[in-house]
Every structure is written in C-alpha cells, then in structure tokens.
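Colleague: Here are the chains, one letter per residue:
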Amino acid sequence: MNIELFIANRSPVWQQLEDALLKAENSADAMSHDEVQALVQLYRRACSDLNLARSYTANPDLLARLNQLTGRAYRFVYRAGHEKPVMPAFVKLITAEIPAVFRRQRLIVALAAAAFILGTLTGAAAIVIDPANGQRIIPPEFFTESPRERVARLESNDERIDTMEKAMTFGASLYTHNIQVTFLAFSLGALTIIGGIWLLFYNGVLLGAVAAMYVLDGVPMFFFAWVGPHGALELPSIIFGGAAGIIAGRALLMPGDLTRGASMRRVLPAVWRIMIATAITLVFAGLIEGSFSQFTSNTFPYPLKIAVAILLFSALMAYLFARRLDET
Amino acid sequence: MSELTVTTPEHVEIRLEPAGAGSRFLAVLIDFIIIAGITMTIGRLSGLLLPSAFGNAITITAGFLLTWGWHVWFEVKGQGRTPGKRALSLRVVDARGLPLSVHQALVRNIVRVVDFMPAFYGVAAISSMADPLRRRLGDIVAGTLVIREPKTVAYRGELAAERRFNSLRTPRAMRLIRHRIGLEERELLLAVCLRAEKMSPVARYDLMEEIAASYRERLDIDDEGVSGENFVRDLTSVLFAPSVLPSKHTVPGPK
Numbered sequence: 001m002n003i004e005l006f007i008a009n010r011s012p013v014w015q016q017l018e019d020a021l022l023k024a025e026n027s028a029d030a031m032s033h034d035e036v037q038a039l040v041q042l043y044r045r046a047c048s049d050l051n052l053a054r055s056y057t058a059n060p061d062l063l064a065r066l067n068q069l070t071g072r073a074y075r076f077v078y079r080a081g082h083e084k085p086v087m088p089a090f091v092k093l094i095t096a097e098i099p100a101v102f103r104r105q106r107l108i109v110a111l112a113a114a115a116f117i118l119g120t121l122t123g124a125a126a127i128v129i130d131p132a133n134g135q136r137i138i139p140p141e142f143f144t145e146s147p148r149e150r151v152a153r154l155e156s157n158d159e160r161i162d163t164m165e166k167a168m169t170f171g172a173s174l175y176t177h178n179i180q181v182t183f184l185a186f187s188l189g190a191l192t193i194i195g196g197i198w199l200l201f202y203n204g205v206l207l208g209a210v211a212a213m214y215v216l217d218g219v220p221m222f223f224f225a226w227v228g229p230h231g232a233l234e235l236p237s238i239i240f241g242g243a244a245g246i247i248a249g250r251a252l253l254m255p256g257d258l259t260r261g262a263s264m265r266r267v268l269p270a271v272w273r274i275m276i277a278t279a280i281t282l283v284f285a286g287l288i289e290g291s292f293s294q295f296t297s298n299t300f301p302y303p304l305k306i307a308v309a310i311l312l313f314s315a316l317m318a319y320l321f322a323r324r325l326d327e328t
Numbered sequence: 001m002s003e004l005t006v007t008t009p010e011h012v013e014i015r016l017e018p019a020g021a022g023s024r025f026l027a028v029l030i031d032f033i034i035i036a037g038i039t040m041t042i043g044r045l046s047g048l049l050l051p052s053a054f055g056n057a058i059t060i061t062a063g064f065l066l067t068w069g070w071h072v073w074f075e076v077k078g079q080g081r082t083p084g085k086r087a088l089s090l091r092v093v094d095a096r097g098l099p100l101s102v103h104q105a106l107v108r109n110i111v112r113v114v115d116f117m118p119a120f121y122g123v124a125a126i127s128s129m130a131d132p133l134r135r136r137l138g139d140i141v142a143g144t145l146v147i148r149e150p151k152t153v154a155y156r157g158e159l160a161a162e163r164r165f166n167s168l169r170t171p172r173a174m175r176l177i178r179h180r181i182g183l184e185e186r187e188l189l190l191a192v193c194l195r196a197e198k199m200s201p202v203a204r205y206d207l208m209e210e211i212a213a214s215y216r217e218r219l220d221i222d223d224e225g226v227s228g229e230n231f232v233r234d235l236t237s238v239l240f241a242p243s244v245l246p247s248k249h250t251v252p253g254p255k
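Residue numbers (my numbering), protein chains in the order written: chain A, 1 to 328; chain B, 1 to 255.
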C-alpha cells in the first residue's frame, strides 16, 4: 500500500472528524441529529483507517494522531451509556436508593456507631474518674472558664451563645471543617479500615469528655440543648462517613476471590450513595448550627431545643432505616 | 511505562498513554491558583458589599464549594478536563476509555484528601510512581486514570503531491534509494517531514541540511542546487511512492 497516497486521500476525512469532535466536546447539546450521525460515520472510517495504518506503517506521528482521534470519537460515541436524565435519577436516589443502601449495610453502620459510642463512653468515663483528665484530652483554649461560669455569663447577657457575627463565621467554618472530618474518616477507613475506626473513636472521646464536663458541672440541659439540634444530624454524618470508608476499605483490603478493582466496583454504588447522604445531612447540620443551636433559654426553652434534636434524629433514622410499605 | 489498550466494539484497539506525576501536579497547581483567585475575589467583593461576618461566611462557603466542586464539575461536564488539565493536554477517563460518571468523579476527588497527605500530594506521587498506569489512590479507588492527549501533527500527505519536480526520480537514484535505505529509516524520514512544521526555523534548517548531507554521501548523489529540506522531502516521497504514481500525481513528461 502506498502510505503517502493513503494519507493524502484520508486526511480530509480525519480533519472533518477533528472539527466535528471540537464542536462535540464544547457543545454536545447544540449538535443536530445529522451532525451526530455524521460524527458516527467519520468515527467508523477513522477506526478502519487506524487498523490499516497500523498494518502498513510504524510512523509514530501518524499513528498517534489517528489513535487520538479515534479515542476521542469513541469517548463521544459510546458515552451515552453513562448518561441518565438527571432529575428523575436524583429523585429515585433520594427516595429509594439511599435508604436501601443504609438498610443493606446496617451492620457496618452499627459497627461505626459502636466505635463512636464507645469513644464517647471512654471520654466521659475519663472525666468522671478524674476531672483533671479534661486538660489532657481537650485543647487548652477551652479552659478559660468553667462550664457553669460560661452558662451563667451567656444566659445573663446575650440571647445568643455566640454573637451573630461569630456564629455566622463559626458555623460556616465548622461545617466545612466537619465535612472535612467526615471525608477524612472515609478516606482513612477506605485505606486502612482501622484508621477510620480510630478516628470515629477519637471524635467520640472528645464529645464524651466535653459532655461529661458540662454534666458534672451541673449544666447538662444547656449542653444538650446547645449541641443537640445540629449534633443530631452531624454526629450520624461522621459515623456514616466512617462506615462508607469501612465498606470501601473492606473491598480494597480484603477482596476475597475478586480482583481489587472488581471488588471495588462492586461496593462503589453503596459507598457513594452513603457519601451523598452524608454530605446533604452535613449541610443541614451546618445551617442549624449557625442559627438555631446558638440561642439560649432566653429565646427558646431548653426542653424545646432538645425536643427538636430528638425529632430531627428520629426523622433521620426513620428515613434511612424504617421499612417501606412496598418492601417485604 | 505501560499503556492501557481499549478495544472498541468495532474491534479497534485504542491505546491510552498514562500521564506522569509531573504534568499532573502542574495541572492541579494551575487549578489551585484559579480557585484561590476566584475565592479571593469573592472575599474582596463580599467584604466591600456586606457586613464582615456575612461576608466571611459567604467566602468560606464559596471557597469550600469551589475546592470540592471544581474538579468534579469539570471532570464530568468538561469531558474529563479541568482548565489546568486542558492547559497541559491531560484528560481523565475511566478504565474503559470512556468519560467519567458522576460517582467516579466524586470518589476520585474525595480520596484526594488522602492523596494530598502529608503535603503537596506526597501519597499520590508515590502511588503514581508505583502503579504501571500512573494512577493515584483516588484513581485506583474510582477506577479511572489520567491520560496524555498531546497536540498531534495534522499531516495531510502532501509530500507525494507537492514534489512534482523531483530530481531524484531518475532510474539510477531510485534504484540506489531502494537498495540502500531500509524500512525503519523510511519511517524516520517520514517522521522528520511530519515534525518539520513544529521546529524552530534555525533547528529545522540545520537538521535538514545535516540529514541531506549524510544521504547525499551514502547515495552518492550530488545535487547541491537543492536545499536540504527539499532533498529530504524528495527522498521521502520517492521512498513512499517508488513506482509510477496515479494520474493525478504524475509528473508531466517532456513532449
């Protein structure tokens, strides 16, 4: 075969394909039916040209160009299998798929929760045994005043626990911070399993220690009303992030008969659904944390805030774990 | 370095070349600079227009959304290319050479947190050096890889058509060329002709003269009147079209 003539004859076709691809990659939605048809035709010709060129020449530039063009066109022509209409898929994801994943993975979620609760109990026990442990567990900037003094000051002065200004920035940074803690719990879990469990345990210890300090100092209502409303969503989110990590980690580290890749692909749908649920809950938690959580008893009585916390928590649990009517 | 071979439903093999750690780091650096720039602009504007607490909250939220959303958005909506990757001719594809699905983009960017540790993608660098497909941990978990898609030379096969007045198309020269130049050299000469467009003029001139001189010596051809580049192109066109060309390319003979 005369490769020179082959190139001379086919290069207009390749150029057409390249132009069509540029258009397709920049604005696929604006393409007409005929344009898409034409692109598929050009792609098929490029495929056979690539095979021919491979048989008759080893020229790296020519093969690279044809290979790249064919690859780009292939990506465009066969991408359809990946794409679904977004809104119906999203609705189905929220109403059916996410709860189903949580119920199927309830043992691992329970394991993650157990690690966190165990941490909480450990933290609380450490404070009950010796209140001086508090300074070893919790960063020193929390010790400017005792919980009781703090509550007294807050309840007498201002109607918000943090001022509007501080609460806004505090809330925003907290929920970005908490999303990062959740992602870290996921990533550590996915890579080491035990790392994720440890992070959950450690966060539990911190919470348990702070809670015990407020309870021992005689202001339990204040604490639960302060942390409860957003904690009811936020703490489960961290646990879910850790659980998703453990699921991924188990597939990666203990693939059994499968290859690691195949094992990963098998659990991936469950993992990312849990992570989406986690991210959404965290954003809600952040919103509550920036506003409702910051009011003292001067605005909302503590029992009301605690009741809201319990309500939020039950709603989340019911959404994720309650059996649906259409299920058996 | 190994490459990934994908067989299309048409039974054509497409070869994907994994991108190395260096270019990927540069791409991420470009993205980071853009994100930081946008966040700072938003910070300045909201600082001017809104009370400071509100402004801070908006800036932090915007920074957060950009940091986490930027890569996911462009990898799904921009055919696997963030602006940084586009600048360095990189593209993220899945293991079958197809575009990323949303969940693959989410997963590979969530694991970015780990890849970044302990600082500046330390884990990712080690992982991509150890993996034959140069994947970082996020890629391995999500089943994706980053490929190189360099700008290729658009060559139109004009050699045969252009070289109408080819002084090498004499029986003696053509016989010598066929006997003394092998297949591999033929490909090499074609590659030189294809790449000539991309060279700087000085380098192009020097290289062509050097190649021409060496072949003039080997083939015992003395036509100093032809420039080095023209000699190389003549030679290449004879190599690829040694026999009589079809009618549209034939040289009009003396009448």
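Calculated from the structure, these hints are not laboratory results.
Mixed in with the good hints there might be a few duds.
To be verified - Counterexamples of contact, computed for chain B against chain A with all Cβ distances above 10 Å:
{"id": "1", "residue": "Pro99"}
{"id": "2", "residue": "Leu137"}
{"id": "3", "residue": "Ala142"}
{"id": "4", "residue": "Gly143"}
{"id": "5", "residue": "Arg195"}
What the hints assert, rightly or not - Result set (DSBU-like, lysine-lysine): computed pairs, CA atoms no more than 35 Å apart in a straight line:
{"id": "6", "chain 1": "B", "residue 1": "Lys198", "chain 2": "B", "residue 2": "Lys151"}
{"id": "7", "chain 1": "B", "residue 1": "Lys198", "chain 2": "B", "residue 2": "Lys77"}
{"id": "8", "chain 1": "B", "residue 1": "Lys198", "chain 2": "A", "residue 2": "Lys23"}
{"id": "9", "chain 1": "B", "residue 1": "Lys77", "chain 2": "A", "residue 2": "Lys92"}
{"id": "10", "chain 1": "A", "residue 1": "Lys23", "chain 2": "B", "residue 2": "Lys151"}
{"id": "11", "chain 1": "B", "residue 1": "Lys151", "chain 2": "B", "residue 2": "Lys77"}
{"id": "12", "chain 1": "B", "residue 1": "Lys77", "chain 2": "A", "residue 2": "Lys23"}
{"id": "13", "chain 1": "A", "residue 1": "Lys23", "chain 2": "A", "residue 2": "Lys92"}
Note that the coordinates shown come from a computational prediction; the quantities given were computed from them, not determined experimentally.
Yeah, the Cβ is synthetic: ideal placement off N, Cα and C, and Gly gets one too.
Colleague: Could you run down the list of hints and mark each one as holding or not?
Modeller: So, going through the hints one by one against the coordinates:
1. With a cut of 10 Å on Cβ distances, Pro99(B) falls inside the contact zone with chain A, its closest approach being about 5 Å.
2. Residue-level check failed: Leu137(B) sits 7 Å from the nearest beta carbon of chain A, not beyond 10 Å.
3. With a least beta-carbon separation of about 8 Å from chain A, Ala142(B) fails to lie farther than 10 Å from that chain, contradicting its non-interface assignment.
4. For Gly143(B), the shortest C-beta to C-beta distance to chain A comes to about 6 Å, within the 10 Å cut-off, and the non-interface label is violated.
5. Remark: the non-interface label on Arg195(B) conflicts with the geometry, its nearest Cβ contact in chain A lying 7 Å away (cut-off 10 Å).
6. Between Lys198(B) and Lys151(B) the CA atoms are separated by roughly 11 Å; this keeps the pair inside 35 Å, and the hint holds.
7. For the given pair, Lys198(B) sits about 32 Å from Lys77(B) by alpha-carbon distance, which is consistent with the 35 Å threshold.
8. With a C-alpha separation of about 25 Å, the suggested pair Lys198(B) and Lys23(A) falls inside the 35 Å cut-off, and the hint holds.
9. For the given pair, Lys77(B) sits about 22 Å from Lys92(A) by alpha-carbon distance, which is consistent with the 35 Å threshold.
10. For the hint linking Lys23(A) to Lys151(B), the alpha-carbon distance of about 17 Å falls within 35 Å, and the restraint holds.
11. For the given pair, Lys151(B) sits about 21 Å from Lys77(B) by alpha-carbon distance, which is consistent with the 35 Å threshold.
12. Proposed proximity of Lys77(B) and Lys23(A) is supported: the alpha carbons are some 14 Å apart, at most 35 Å.
13. Simply put, Lys23(A) and Lys92(A) have alpha-carbon atoms about 33 Å apart, close enough for the 35 Å limit, and the pair holds.
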